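Heads up: the sequence lines are chains A and B, in that order.
Residue numbers are given in my numbering: position 57 of the first sequence equals residue 57, and the series is strictly consecutive.
Residue numbers are given in my numbering: position 125 of the second sequence equals residue 125, and the series is strictly consecutive.
Among the hints, erroneous ones may be present.
[What the hints assert, rightly or not] Covered stretches of chain A (in silico footprint by chain B; criterion: 3 or more residues with CB under 8 angstroms from a CB of chain B, positions within the stretch not fixed):
no. : stretch
1   : 129 to 135
2   : 151 to 164
[Stated by the list, open to error] Listed next, the in silico SDA-like pairs over lysine to any residue satisfying Cα-Cα at most 25 angstroms (straight line):
no. : chain 1 : residue 1 : chain 2 : residue 2
3   : B       : 200       : A       : 331
4   : A       : 328       : B       : 326
5   : B       : 41        : A       : 188
6   : B       : 200       : A       : 71
7   : A       : 303       : B       : 334
8   : A       : 38        : B       : 262
9   : A       : 38        : B       : 258
10  : A       : 38        : B       : 324
11  : A       : 38        : B       : 202
12  : B       : 200       : A       : 57
13  : A       : 38        : B       : 327
14  : A       : 328       : B       : 331
15  : A       : 52        : A       : 112
16  : A       : 38        : B       : 331
17  : A       : 38        : B       : 96
18  : A       : 38        : B       : 55
19  : A       : 38        : B       : 201
20  : A       : 27        : B       : 201
21  : B       : 271       : A       : 51
22  : A       : 303       : B       : 327
23  : A       : 38        : B       : 198
24  : A       : 328       : B       : 324
25  : B       : 41        : A       : 189
26  : B       : 41        : A       : 186
27  : A       : 5         : A       : 198
28  : B       : 326       : A       : 59
29  : B       : 326       : A       : 101
30  : A       : 38        : B       : 277
31  : B       : 223       : A       : 62
32  : A       : 38        : B       : 326
33  : B       : 41        : A       : 127
34  : A       : 52        : B       : 195
35  : A       : 38        : B       : 206
36  : A       : 257       : A       : 239
37  : B       : 271       : A       : 62
38  : B       : 271       : A       : 188
No lab work stands behind these hints: they were computed from the structure.
All of these numbers come straight from a predicted model, not from anything done at the bench.
The beta carbon of each residue, even a glycine, is placed where N, CA and C say it ideally should be.
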Amino acid sequence: METAKKRMLTGNKAMAEAIAQEMENDKNVFVLGEDIGKYGGIFGSTQGLMEKFGPERVLDTPISETAFIGAAIGAAAEGMRPIAELMFVDFFGVCMDQIYNHMAKIPYMSGGNVRLPMVLMTSVGGGYSDAAQHSQTLYATFAHMPGMKVVAPSTPYDLKGMMTSAIRDDNPVVFMFHKSLQGLGWMDQLDYAVGHVPEESYTVPLDKANVMREGKDVTIVGIQMMTHHAMEAAERLSQDGIEAEVIDLRSLAPIDKDTIINSVKKTHRLVVVDEDYRSYGMTAEIAAIVSEEALYELESPIKRLAIPDVPIPYSHMLEDFVLPGPDKIVETVKQMMDEA
Amino acid sequence: MTKFEEKQPSVSVDKLMWMYEQMVKIRYYEDQMVEAYTEGKSPVFNIGEGPVPGEMHLATGQEPAAAGMMVHLTKDDTVTAPHRPHHHAIAKGVDLKKMTAEIFGKETGLGKGKGGHMHLFDPQAKFSCGGIVAAGIPHAVGAAMANKMKGKDWVAVAFIGEGAANAGAFHESLNLAALWNLPLIVVVEDNSYGISVPKKSSTSIESNDLRASAYGVAGAYVKDNDPVAMYKASEEAVNRARNGQGPTIIEIETFRFLGHFQGDPELYRDKEEVPGLRARDPIMKLRQQLLDAEHVNEKELEEIETRAKQQVDEAYQFARDSDYPKPEAALDDVFTS
Ligand SMILES: Cc1ncc(C[n+]2csc(CCOP(=O)(O)OP(=O)(O)O)c2C)c(N)n1
Ligand SMILES: [Mg+2]
């Protein structure tokens with residue numbers, strides 16, 4: 001089989017490879033953050049960079065997120081292309097002013113005269129009992145603010161291609177990577193955290209969703225881990241004769257309305273699955289887009305699966321209960337089909 | 001007066017005995033946690049598996065900071081702790097059974113299984129901790145403020161790592177506490193690392209007590225992880241706070257015997273480092289000092305050790321015997337009733 005020849009990489013190595021290639025191409029690219037040097041990033045996103053590029057361009061920072069993310073903004077305004085890592089997205093609180101009021105707004109407030117070509121990369125996601133302050137995705141919190149591109153890739157191929165695009169983009173990009181999709185040895189071993197990644201540099205656009213599986217009966221839109229759960233659910237539904245179309249959103253902002261609407265026009269049903277809080281979130285946004293632009297295409301009400309508006313609990317029974325997974329997706333789709 | 005007290009009149013050997021018991025309890029508690037955490041995670045380590053999943057930051061080697069401060073505190077004083085909280089919790093008198101049950105994710109836990117090891121809250125013991133670096137410092141400022149407003153002489157102590165002293169919250173809090181002359185003590189536990197980053201790569205000065213002058217507060221430095229020196233520095237700071245003389249920063253040089261978290265490959269650390277630190281074990285040091293003081297004999301110390309271990313064993317048994325919460329309980333407690 002041809003696949004045997006494919007070059008397979010884990011998510012973290014795909015990301016680190018994109019960064020390394022861009023650092024080779026452009027001396028203005030540098031990385032800063034906590035434990036990104038010798039340690040290679042707690043989630044492996046900078047693995048090998050210190051060895052290749054040294055401490056001048058791979059900077060371990062103190063635990064001073066406001067200072068080093070703010071410094072990335074200042075350096076970007078001077079024409080550098082910094083990549084700052086916020087170790088867990090949950091730590092956004094200590095540096096949100098720099099992100100929300102400065103990184104996102106300076107290009108606009110300057111009438112487009114100041115460019116901030118920077119990447120803020122950050123890990124997201126739960127499912128391993130890291131509790132309320134280390135398990136969030138906060139997709140919508142970031143996608144909500146105009147002025148930042150926000151991406152959430154779910155395959156090694158996209159992690160590399162979208163990281164390359166993010167570094168080359170002249171706008172601030174929030175690059176969210178899912179911890180469990182990094183393919184790390186100390187977390188769940190998931191097949192889809194390893195995938196084909198070409199060695200040569202390539203880009204994946206920052207504004208296009210990806211149809212992962214075609215189907216005619218229902219559209220399931222997922223983000224990162226939830227896309228993979230949707231794929232598993234789709235395989236199971238297929239055995240019962242239900243063919244789901246699975247869309248991997250990939251880009252949270254800007255959002256690819258066309259791909260979603262075109263799919264709904266075909267399937268006439270929509271389920272949105274999100275690992276973020278339910279209210280005011282990505283599921284609501286997608287449901288609103290479809291209601292505004294394709295309401296009469298729908299044969300049944302839109303269903304949303306998300307964290308039921310509680311902080312992420314520690315105990316695994318509790319966490320399992322609040323996280324959407326393949327079982328809940330299958331159940332929801334079947335209910336939807338029965339109601340029709 | 002014992003020989004020890006003759007040499008160090010300000011130090012009570014009874015209090016040192018209390019410290020010794022706490023330190024032994026902490027050490028044994030963390031040793032048991034290493035075992036419990038490893039269950040279900042071998043031969044292949046998976047952070048999400050076993051009876052104690054998630055991140056686990058242990059305080060083995062850092063006992064003097066907690067014991068030396070807490071020996072001067074009462075139930076009415078408030079303590080906030082960071083992500084590495086077990087030593088503080090134990091010495092502050094947090095309910096050991098409920099704490100352990102929480103770490104095992106059980107419904108009998110301090111937070112009914114919702115918080116976990118980084119998020120322990122025991123209002124009875126006036127103890128809390130959290131997973132966001134430096135976040136506990138302003139909470140201690142607030143507790144100190146409340147104490148002052150209530151007209152009490154209670155103090156508030158924030159424990160942090162040396163890495164946290166570079167966060168904005170540290171600097172803002174100390175300025176505020178100094179400005180308002182609050183009964184606040186910040187104990188900086190310098191275990192040489194913030195995860196993998198050595199102090200010299202993160203901190204622009206030698207030690208954080210030197211920063212005291214920037215806020216106009218008192219500073220003290222405890223070297224060599226020394227329990228008696230920590231006792232003395234803490235006593236002064238607590239007296240100062242209780243007497244309305246304002247905040248203190250204490251930095252203690254301490255030892256992280258284990259990884260930042262369990263499962264840390266520690267590739268950033270010299271292999272010889274930990275054996276060197278273990279050779280300077282603060283518990284063995286205090287034990288010898290107590291024997292030298294001729295205040296206790298070997299047998300009495302063994303009794304203390306047995307008692308401490310028994311309490312820990314009971315707590316672990318309680319945790320293991322307790323039930324998991326019902327899954328739907330995840331929806332409760334967003335608001336208090
Ligand atoms: C605001 C914030 N930034 C980063 C982290 C990730 N983090 C957790 S512990 C830690 C190191 C803390 O070092 P130190 O304060 O020295 O405490 P120690 O772990 O050594 O006890 C870091 C960076 C965090 N939890 N919160
Ligand atoms: Mg430290």
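- Task: State whether the coverage of the stretch 151 to 164 of chain A by chain B holds or is violated, taking the criterion as 3 or more residues with Cβ-Cβ distances under 8 angstroms.
- Result: violated (count 0)
- Query: Within 25 angstroms, alpha carbon to alpha carbon, are residue 38 of chain A and residue 206 of chain B?
  - Reply: Holds, at roughly 22 angstroms.
- Message: Hinted pair, alpha-carbon criterion (25 angstroms max): residue 38 of chain A, residue 258 of chain B. Please report holds or violated.
- Response: holds (18 angstroms)
- Assess, step by step, whether the Cα of residue 38 of chain A is no farther than 25 angstroms from the Cα of residue 324 of chain B, and give holds or violated. At roughly 39 angstroms apart (the allowed maximum being 25 angstroms), residue 324 of chain B and residue 38 of chain A break the hint.
- CA of residue 41 of chain B to CA of residue 188 of chain A, is that 25 angstroms or under? With a Cα-Cα distance of about 11 angstroms, the restraint between residue 41 of chain B and residue 188 of chain A holds, given a limit of 25 angstroms.
- Given pair status - residue 55 of chain B, residue 38 of chain A, alpha carbons within 25 angstroms: holds (21 angstroms)
- Given pair status - residue 327 of chain B, residue 38 of chain A, alpha carbons within 25 angstroms: Since the Cα atoms of residue 38 of chain A and residue 327 of chain B sit roughly 40 angstroms apart, the hinted pair is violated (cutoff 25 angstroms).
- Task: Closer than 8 angstroms, Cβ to Cβ, for at least three residues: run that test on the stretch 129 to 135 of chain A against chain B and report holds or violated.
- Result: As far as the stretch 129 to 135 of chain A goes, the hint holds, because 6 residues have Cβ atoms under 8 angstroms from chain B.
- Message: Just to be careful, I want the Cα atoms of residue 328 of chain A and residue 326 of chain B compared with a cutoff of 25 angstroms; is the pair within it?
- Response: holds (18 angstroms)
- Task: Assess, step by step, whether the Cα of residue 326 of chain B is no farther than 25 angstroms from the Cα of residue 59 of chain A, and give holds or violated.
- Result: Outside the cut-off at roughly 45 angstroms; violated.
- Message: Please verify whether residue 52 of chain A and residue 112 of chain A have alpha carbons no more than 25 angstroms apart.
- Response: Violated, at about 35 angstroms.
- Query: Is residue 223 of chain B close enough to residue 62 of chain A, meaning Cα to Cα at most 25 angstroms?
  - Reply: holds (23 angstroms)
The structure does not agree with the numbered hints 2, 3, 10, 13, 15, 16, 17, 28, 29, 32, 36, 38 stated previously, though it agrees with the rest.
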